[in-house]
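J.: So you can see what is in the structure, the chains are spelled out below.
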Amino acid sequence: ETGVTQTPRHLVMGMTNKKSLKCEQHLGHNAMYWYKQSAKKPLELMFVYSLEERVENNSVPSRFSPECPNSSHLFLHLHTLQPEDSALYLCASSQDFGTDYYEQYFGPGTRLTVT
Amino acid sequence: GDSVTQMEGPVTLSEEAFLTINCTYTATGYPSLFWYVQYPGEGLQLLLKATKADDKGSNKGFEATYRKETTSFHLEKGSVQVSDSAVYFCALTGTYKYIFGTGTRLKVLA
Chain Z
5 ETGVTQTPRH LVMGMTNKKS LKCEQHLGHN AMYWYKQSAK KPLELMFVYS LEERVENNSV
65 PSRFSPECPN SSHLFLHLHT LQPEDSALYL CASSQDFGTD YYEQYFGPGT RLTVT
Chain G
-4 GDSVTQMEGP VTLSEEAFLT INCTYTATGY PSLFWYVQYP GEGLQLLLKA TKADDKGSNK
56 GFEATYRKET TSFHLEKGSV QVSDSAVYFC ALTGTYKYIF GTGTRLKVLA
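Residue numbers (our numbering), protein chains in the order written: chain Z, 5 to 119; chain G, -4 to 105.
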């Protein structure tokens, strides 16, 4: 148990559906992240929020829309996804963002399948 | 840009065998280096870290030394156990962001 929870753990959705992934951290951290994990590829950083403000957006398609209503919660809203978006989506948090060293704490991920 | 290269897996070993997973990096400046581990069905967990050249990180019998001259951070363990079966990720922090490798799957057989 790392103190970062994600729901749902598994999600199957059609290309026309709208769904949301939820992440919650119980560590009092100030920064939260969304990563995409695909087989045989490096983890892809999608979004970074620091103190509830988005500080990083790595050219992610607009069909992925993040939301950070407070420092403990992070959402990833999904709509009109493509089959190649099927992957494990990981949420992480850290005490701060923008220092030379910081440990990230990861949730267990949501396994997303787009049909 | 900054990058991390890991040996491709899977790596399959017998219990009590010696483990080495190679990791090399490219970075401007002086990044911090990390190994994270992902057990089945879980997220990544920090295994060990090194923040400057010649530092050795260690945890749970695993070790890695920050080698600036060879730009490497190889992970080693003298005697692996079945419970070490997992995916291991090498990573660095460059320009305040984590850069991860592709991960190396380790399978240890009893």
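The set of hints was computed from the structure by calculation and includes no laboratory data.
You may find that some hints are simply not true.
What the hints assert, rightly or not - If you want a taste of the chain G side facing chain Z, the calculated C-beta under 10 Å gives, among others:
1) -1
2) 13
3) 51
4) 55
5) 57
6) 84
7) 93
8) 96
The beta-carbon is built from N, C-alpha and C at its ideal position, and this holds for glycine as well.
J.: Each hint needs a verdict: does it hold in this structure or not?
T.: For each hint, the structure was consulted:
no., hint, result
1, -1, "holds (7 Å)"
2, 13, "violated (26 Å)"
3, 51, "violated (16 Å)"
4, 55, "violated (16 Å)"
5, 57, "violated (16 Å)"
6, 84, "holds (7 Å)"
7, 93, "holds (6 Å)"
8, 96, "holds (6 Å)"
The structure does not agree with the numbered hints 2, 3, 4, 5 stated previously, though it agrees with the rest.
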